[in-house]
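Trainee: For the sequence shown, the residue numbers in the working numbering are 422 to 522.
Keep in mind the hints are simulated off the structure, nothing from the lab. Errors might be hidden in some of the hints.
[As the list claims (entries may be wrong)] With a Cα cut of at most 16 Å, we get these calculated EDC-like pairs of lysine to aspartate or glutamate:
| no. | residue 1 | residue 2 |
| --- | --- | --- |
| 1 | 425 | 499 |
| 2 | 425 | 495 |
| 3 | 461 | 489 |
| 4 | 425 | 500 |
| 5 | 465 | 496 |
| 6 | 485 | 495 |
| 7 | 465 | 495 |
| 8 | 485 | 462 |
| 9 | 485 | 508 |
| 10 | 475 | 496 |
| 11 | 461 | 433 |
| 12 | 475 | 495 |
| 13 | 444 | 462 |
| 14 | 455 | 499 |
| 15 | 465 | 500 |
| 16 | 425 | 462 |
| 17 | 485 | 496 |
| 18 | 424 | 500 |
| 19 | 455 | 438 |
| 20 | 437 | 508 |
| 21 | 488 | 462 |
| 22 | 448 | 462 |
| 23 | 424 | 495 |
| 24 | 424 | 462 |
| 25 | 424 | 499 |
| 26 | 424 | 496 |
| 27 | 425 | 489 |
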Amino acid sequence: MVKKVVWTLRAEQDRKEILSYWKKRNKSNTYSIKLNGLFKEAVKIIQSNPHIGKLTNSGNVRSKIVKDYLMFYEEFPEELVILAIWDNRRNPKNQEYISSF
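Whole structure, please, built from the sequences with the hints as guidance.
Mentor: Given below as structure tokens:
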């Protein structure tokens with residue numbers, strides 16, 4: 422059974438900031454569209470196999486690699502919740518929430 426996917430506000434904001442950054446940096450939305458497609462593809466993979474992601478130190482939270490990013494998610498009986506997207510090139514000390522996963 423394919424579970425419903427719910428994006429948290431933080432995950433949605435992370436995704437929008439990442440896509441906006443690449444659009445501004447490249448002065449084109451081509452890469453942002455490609456990256457957004459990779460995020461959507463990762464969600465489909467997670468939906469069909471929720472245990473594919475690496476289990477983190479925070480209970481039932483898992484992470485899935487998407488290019489240079491980690492997509493954090495949690496599985497519940499009826500849904501999958503996308504919690505955040507983290508740029509692996511960032512220093513984790515600069516972001517408080519990454520340490521919670």
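Trainee: Decide, hint by hint, whether the structure agrees.
Mentor: Each hint tested on the structure:
no., hint, verdict
1, 425 x 499, "7 Å, holds"
2, 425 x 495, "12 Å, holds"
3, 461 x 489, "15 Å, holds"
4, 425 x 500, "5 Å, holds"
5, 465 x 496, "14 Å, holds"
6, 485 x 495, "11 Å, holds"
7, 465 x 495, "14 Å, holds"
8, 485 x 462, "11 Å, holds"
9, 485 x 508, "12 Å, holds"
10, 475 x 496, "12 Å, holds"
11, 461 x 433, "12 Å, holds"
12, 475 x 495, "11 Å, holds"
13, 444 x 462, "20 Å, violated"
14, 455 x 499, "29 Å, violated"
15, 465 x 500, "13 Å, holds"
16, 425 x 462, "15 Å, holds"
17, 485 x 496, "13 Å, holds"
18, 424 x 500, "5 Å, holds"
19, 455 x 438, "15 Å, holds"
20, 437 x 508, "13 Å, holds"
21, 488 x 462, "12 Å, holds"
22, 448 x 462, "24 Å, violated"
23, 424 x 495, "12 Å, holds"
24, 424 x 462, "15 Å, holds"
25, 424 x 499, "6 Å, holds"
26, 424 x 496, "9 Å, holds"
27, 425 x 489, "25 Å, violated"
The structure is inconsistent with the numbered hints 13, 14, 22, 27, although it conforms to all the rest.
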